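Visitor: So the sequences go chain by chain: A, B, C, D, E, F, G, H, I and J.
Just so we're aligned: 39 in full-length UniProt numbering is position 39 of the first sequence, and the numbers increase by one with no gaps anywhere.
Just so we're aligned: 149 in full-length UniProt numbering is position 149 of the second sequence, and the numbers increase by one with no gaps anywhere.
Just so we're aligned: 148 in full-length UniProt numbering is position 148 of the third sequence, and the numbers increase by one with no gaps anywhere.
Just so we're aligned: 81 in full-length UniProt numbering is position 81 of the fourth sequence, and the numbers increase by one with no gaps anywhere.
Just so we're aligned: 71 in full-length UniProt numbering is position 71 of the fifth sequence, and the numbers increase by one with no gaps anywhere.
Just so we're aligned: 145 in full-length UniProt numbering is position 145 of the sixth sequence, and the numbers increase by one with no gaps anywhere.
Just so we're aligned: 36 in full-length UniProt numbering is position 36 of the seventh sequence, and the numbers increase by one with no gaps anywhere.
Just so we're aligned: 130 in full-length UniProt numbering is position 130 of the eighth sequence, and the numbers increase by one with no gaps anywhere.
Just so we're aligned: 70 in full-length UniProt numbering is position 70 of the ninth sequence, and the numbers increase by one with no gaps anywhere.
Just so we're aligned: 3 in full-length UniProt numbering is position 3 of the tenth sequence, and the numbers increase by one with no gaps anywhere.
One should not assume that every hint holds.
[As the list claims (entries may be wrong)] Footprint (simulated), chain J over chain I, 3 or more residues, beta carbon under 8 Å:
{"id": "1", "region": "34-40"}
{"id": "2", "region": "53-64"}
{"id": "3", "region": "73-85"}
{"id": "4", "region": "98-104"}
{"id": "5", "region": "108-116"}
{"id": "6", "region": "120-126"}
{"id": "7", "region": "137-146"}
[Stated by the list, open to error] Result set (DSS-like, lysine-lysine): computed pairs, CA atoms no more than 30 Å apart in a straight line:
{"id": "8", "chain 1": "A", "residue 1": "Lys147", "chain 2": "C", "residue 2": "Lys49"}
{"id": "9", "chain 1": "H", "residue 1": "Lys49", "chain 2": "H", "residue 2": "Lys19"}
{"id": "10", "chain 1": "G", "residue 1": "Lys49", "chain 2": "B", "residue 2": "Lys142"}
{"id": "11", "chain 1": "C", "residue 1": "Lys147", "chain 2": "D", "residue 2": "Lys16"}
{"id": "12", "chain 1": "D", "residue 1": "Lys16", "chain 2": "D", "residue 2": "Lys49"}
{"id": "13", "chain 1": "D", "residue 1": "Lys147", "chain 2": "E", "residue 2": "Lys49"}
{"id": "14", "chain 1": "J", "residue 1": "Lys147", "chain 2": "I", "residue 2": "Lys22"}
{"id": "15", "chain 1": "A", "residue 1": "Lys22", "chain 2": "B", "residue 2": "Lys49"}
{"id": "16", "chain 1": "I", "residue 1": "Lys147", "chain 2": "H", "residue 2": "Lys147"}
{"id": "17", "chain 1": "C", "residue 1": "Lys49", "chain 2": "C", "residue 2": "Lys22"}
{"id": "18", "chain 1": "C", "residue 1": "Lys22", "chain 2": "A", "residue 2": "Lys142"}
[What the hints assert, rightly or not] A few chain C residues that don't get close to chain F, going by computed Cβ distances all over 12 Å:
{"id": "19", "residue": "Met1"}
{"id": "20", "residue": "Asp48"}
{"id": "21", "residue": "Ile71"}
Keep in mind the hints are simulated off the structure, nothing from the lab.
Bear in mind the structure is a predicted one, so any value in this text is a computation, not a measurement.
Glycine included, C-beta positions come from ideal geometry on N, C-alpha and C.
Next come the chains, spelled out residue by residue.
Protein chains: 10
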Amino acid sequence: MISNREEVTAAIMAAKVSKGIKWSDVAAAIGLSKEWTTAACLGQMTLDKQQAEVIGEIFGLPDEAVAWLQIAPYKGSLPTAVPTDPLIYRWYEVVNVYGNTIKELIHEEFGDGIMSAIDFSMDIQREANPNGDRVNVVLSGKFLPYKTY
Amino acid sequence: MISNREEVTAAIMAAKVSKGIKWSDVAAAIGLSKEWTTAACLGQMTLDKQQAEVIGEIFGLPDEAVAWLQIAPYKGSLPTAVPTDPLIYRWYEVVNVYGNTIKELIHEEFGDGIMSAIDFSMDIQREANPNGDRVNVVLSGKFLPYKTY
Amino acid sequence: MISNREEVTAAIMAAKVSKGIKWSDVAAAIGLSKEWTTAACLGQMTLDKQQAEVIGEIFGLPDEAVAWLQIAPYKGSLPTAVPTDPLIYRWYEVVNVYGNTIKELIHEEFGDGIMSAIDFSMDIQREANPNGDRVNVVLSGKFLPYKTY
Amino acid sequence: MISNREEVTAAIMAAKVSKGIKWSDVAAAIGLSKEWTTAACLGQMTLDKQQAEVIGEIFGLPDEAVAWLQIAPYKGSLPTAVPTDPLIYRWYEVVNVYGNTIKELIHEEFGDGIMSAIDFSMDIQREANPNGDRVNVVLSGKFLPYKTY
Amino acid sequence: MISNREEVTAAIMAAKVSKGIKWSDVAAAIGLSKEWTTAACLGQMTLDKQQAEVIGEIFGLPDEAVAWLQIAPYKGSLPTAVPTDPLIYRWYEVVNVYGNTIKELIHEEFGDGIMSAIDFSMDIQREANPNGDRVNVVLSGKFLPYKTY
Amino acid sequence: MISNREEVTAAIMAAKVSKGIKWSDVAAAIGLSKEWTTAACLGQMTLDKQQAEVIGEIFGLPDEAVAWLQIAPYKGSLPTAVPTDPLIYRWYEVVNVYGNTIKELIHEEFGDGIMSAIDFSMDIQREANPNGDRVNVVLSGKFLPYKTY
Amino acid sequence: MISNREEVTAAIMAAKVSKGIKWSDVAAAIGLSKEWTTAACLGQMTLDKQQAEVIGEIFGLPDEAVAWLQIAPYKGSLPTAVPTDPLIYRWYEVVNVYGNTIKELIHEEFGDGIMSAIDFSMDIQREANPNGDRVNVVLSGKFLPYKTY
Amino acid sequence: MISNREEVTAAIMAAKVSKGIKWSDVAAAIGLSKEWTTAACLGQMTLDKQQAEVIGEIFGLPDEAVAWLQIAPYKGSLPTAVPTDPLIYRWYEVVNVYGNTIKELIHEEFGDGIMSAIDFSMDIQREANPNGDRVNVVLSGKFLPYKTY
Amino acid sequence: MISNREEVTAAIMAAKVSKGIKWSDVAAAIGLSKEWTTAACLGQMTLDKQQAEVIGEIFGLPDEAVAWLQIAPYKGSLPTAVPTDPLIYRWYEVVNVYGNTIKELIHEEFGDGIMSAIDFSMDIQREANPNGDRVNVVLSGKFLPYKTY
Amino acid sequence: MISNREEVTAAIMAAKVSKGIKWSDVAAAIGLSKEWTTAACLGQMTLDKQQAEVIGEIFGLPDEAVAWLQIAPYKGSLPTAVPTDPLIYRWYEVVNVYGNTIKELIHEEFGDGIMSAIDFSMDIQREANPNGDRVNVVLSGKFLPYKTY
């Protein structure tokens, strides 16, 4: 019996590696972006019934796992507060080094409030570059203002 | 006598607030992006002599402070490993929720390696939107592959 | 010279205690709720020019402090991640004990998403009760759904 | 053999997902609020014999599990001191940003003491709103004064 | 200008040491237990006007400090989550070693709930003993039951 | 094969819940206080051969488990440095709020030294009280002075 | 079914110890340095198909494990942020004691930037020495400058 | 009056920046490596009388500071256990990613023991390279074996 | 299949308790001190082939376990940075309370350097004493000086 | 005005360095061991009136400081839970590596209980040795047994 979403994620990863499945193909199969689809498969988003069944078929998951995919998961994909993996750490470093800068510039443009991480999307693309290709990422989040009351 | 860069940052912030200086004007004055300029003023980047003197003039800094601006600072702009400020936390949350997703997709496209946080730039823009304006951010970092040796 | 918002908060608290000012009177003076007003005085919200000047007058603050009140502050009012003060700890305890319950029930009603802490208001009232008066608090936050993209 | 309450909670969650049980139906079955009932099923409250047997029947639990439901559990529902799940984090953020405000206002109204998290109830409701529905939560806790001795 | 209660505590301790004042004498002067009185002087309890004035006189405090003594303080007297001082650590050790035991026995006697740390008193006494005198401490806290709702 | 004391504690708890055993009855069976007996069953104290055999019989433990009960365990009964369970947290809170007070008063009475947590006993009793029954706890620890050498 | 790289690393270590395999022989078999090869076997680097198959044969790994070796792993080889093992701790100590020195000297020579840990190699050699042999390590990392933008 | 080595380090850094002193020139003045000299100036090593006087002259330090330079300091140059500065973090990352590899290879060559961080030297050099210059670092530490006793 | 040294340690402890083996007898069997022998059995030291076979026979270990005993282990015997067990905590307390004292006195006698924890031995003995027997421990570590380079 | 013992320790250290005082001479002046005397001067022990006056004279302390020396201090001499200074870390390492060994051997000899860190003394001596002089330390602590009650 499956008692949490982490077991489903582990089953997906095991199937992905043994079958050589690609995230972009999974995304195409459910007709959504590769970013959202991967996050969902890694236990961070909630799928609807149809999406879950497609995912279940691709990875060969049991019915129970398909049910879990339709439940809002306890989110957070990192084992430690400061990530040790170098790729993920660079992102943490950007937040650490540029954190106050991002805050100052958003406040200068919009006033007090935040950039939403819920009404949010992300797009990761390769940019060809003669000095070495670049990873280009566009983050888009709705500005949510603090209001007085 | 000034004994660290934090004192220079504090002096810049104090002058900024009391004089009502805008980051975008400072950036224009040294002819660089508002993102890099703000980060430099907040103690995260190193200015050359000419840039430092312009900054010193804008904020009314003593010569010693201008000297400190030309020294590579001890970087890291946040007081705690997990930021408490809601705007900055949302970025930490993105790294936490999407961390493994970013890792999977960059590896799927590029193989093992990282997206540089050094050969890196950031551009923050307002996107008008009838459902509420959005903050759009483009991050661009060179892909650096792990190689065998 | 004032170099951060914490110094302004300290000046407000010092004046509040020595002059015996009440938060509810401050709130009435700027025509907003006592919850928002107190949070603003404690360095968590941003005041507009008129509000800041009223606050400055009430607490006898210098012009520089009035300028700082109009700048979006670095938020977070607690000295440690787990609060030691018993009154505040009880709230942390509620989040700890009921955290998963809140998550389950909001998801059951609304689907995956969050209750906003930005488009948010709070109202704290005394409820007379023969077994001992109660603190009644109403929290109201907009539901923000995760969407697919 | 079941050796702790966490195993019972896991069994309840597994059954809930595979059978599609709703918390509000469970609450109706034992005649209590959905908030208390969910917390109890998630290992935070103690059930009496009759309630435990109803829960056991709904989720198909073995007798041992029903016995564990009647034992006061080691409480705390979060895996880390600062929650990573965005929905729960927003509540932590409220405590962090408004912590001192809550403290000031309760003390201003009641004097020194706390709002109980034991003689406490919580009610979570959807409020229809043309700008987007809201989550409204009422927290009610007895005020407990510090006394001299 | 005094901007927090810690400065008042520091002034009390400095005066206590330089004047050789005893806590038991301070307690007698305000007619309360030595435990409550000491905690209040160390910034953990709130004094009424009359008590604060007596304390102010004993320790030679300025008026502002006397005002601060009447404000509910941010409580917590230890610099680290796990105390390093051997005397205080032994108490932490008792909680660590006997924590589950205390929990089991209170639940066995009273059912689910807590022993209040607010409706609480403490009495510390020397017990003469031929094998070495003992510190005897009586802790008394009201039992507060969790109730269903 | 049992490889640590935690497995023995888990077996004792499982048997206690499924058989409905009471700590006070266990204590009576080995002729010691309920506090020491419970702590021993929860893996914090060392039993002699005769006591261990009685415990083994009551809880239906295998011989190996009975052997482990006679070995001094690695002590510490809490899963986190700051306990999340509300009942145990209240004790941590007492240490935190009253820590310096306890230190000051023991030093005022005895001089520099500690109250032993080893040559120590604890007695937990219900005190009937018309305003709600109270938990009364007597802690008794030998005073151990620091000496010069 | 193998669901993460740690299980592969455990299988490699188990085989290494029971068969008495040496890292330098493994390195020779895939024609790379002993440093990179060992890191790869310990779950820190990604092998290509041919390398993975050789490793799989040497350690007797199942096909699934060979597939995992070709996937970029979540890196970080230490169980705690500050390593407890004395050999590894000495390296952490070097970073702690000499950290600012390394920073100052690289900045003095190269300006602001970093020494890459990705475009990086390491060579560990024994140096015979009459006062006791020495471990000599050469670290080589590309300098990556921060640039203005 | 100077009461700790950190104040001396701060004075050295302030003088270095305002006077534009280079570490390599300081090293030449006392006839030692730039690595050891910089570490000493940054409060990590102990200077003899003659060296301290030269340093005192170069940086214009008072006699008390020169005395402090001759006292073994409390070592450790980083403000947090995991460094936030990107240059220093890369070194921490090397220890984290390669930690077990370093351990395995030193043990394979030398048996159980450590590479000393005391009988240790470090040499940092620029290596010209058409693909971008490299930082080359040689670490040399005596191997110290664990022995039986 | 055994995949780490901790499993060997667990097997040794399980056998020790079920068979009633004494550390001093184990030490005698391999002809070394009880301190080194116990540390080795607890996974902190490396045994040679002959020693490992004797240990294997005493505790009834499989061949694989005997192989693991000859591999340098990842050292560190405590589950938390600050130990919770009272006996071990007292040692941590000694380091905490006397840490700076030890540092000052070794530097006063030897100059800057350390007392080795590798070229190190420990001897624990009972000292009969009419006021209660004492634990006497002799620690002996080679002094290793920091040298200039 | 002196408001805590740390200021007294800082004054002692400043005077020690500027006057070149040796701990062994201070110890001789008050007729106690160098270990206890140094610990007392570093804020870890309590001096009697006569001792405090001698210390005050040696270091040129004001009367208030002499008063503070006679007050039991808040003990703990290290700035972080895991010490960064290499000399002190080696002691922490001994506790970490040998912690369980020490526990096992003391329990084997004495049964369950602890080695006191209060009824405790320490003696640090140089041992001449042709392979390099050694630091020999004798720790002596009373064994305190856990008893049943």
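Visitor: So which of the earlier hints does this model not fit?
Guide: Checked against the structure, the hints that fail are numbers 2, 15, 18, while the rest are satisfied.
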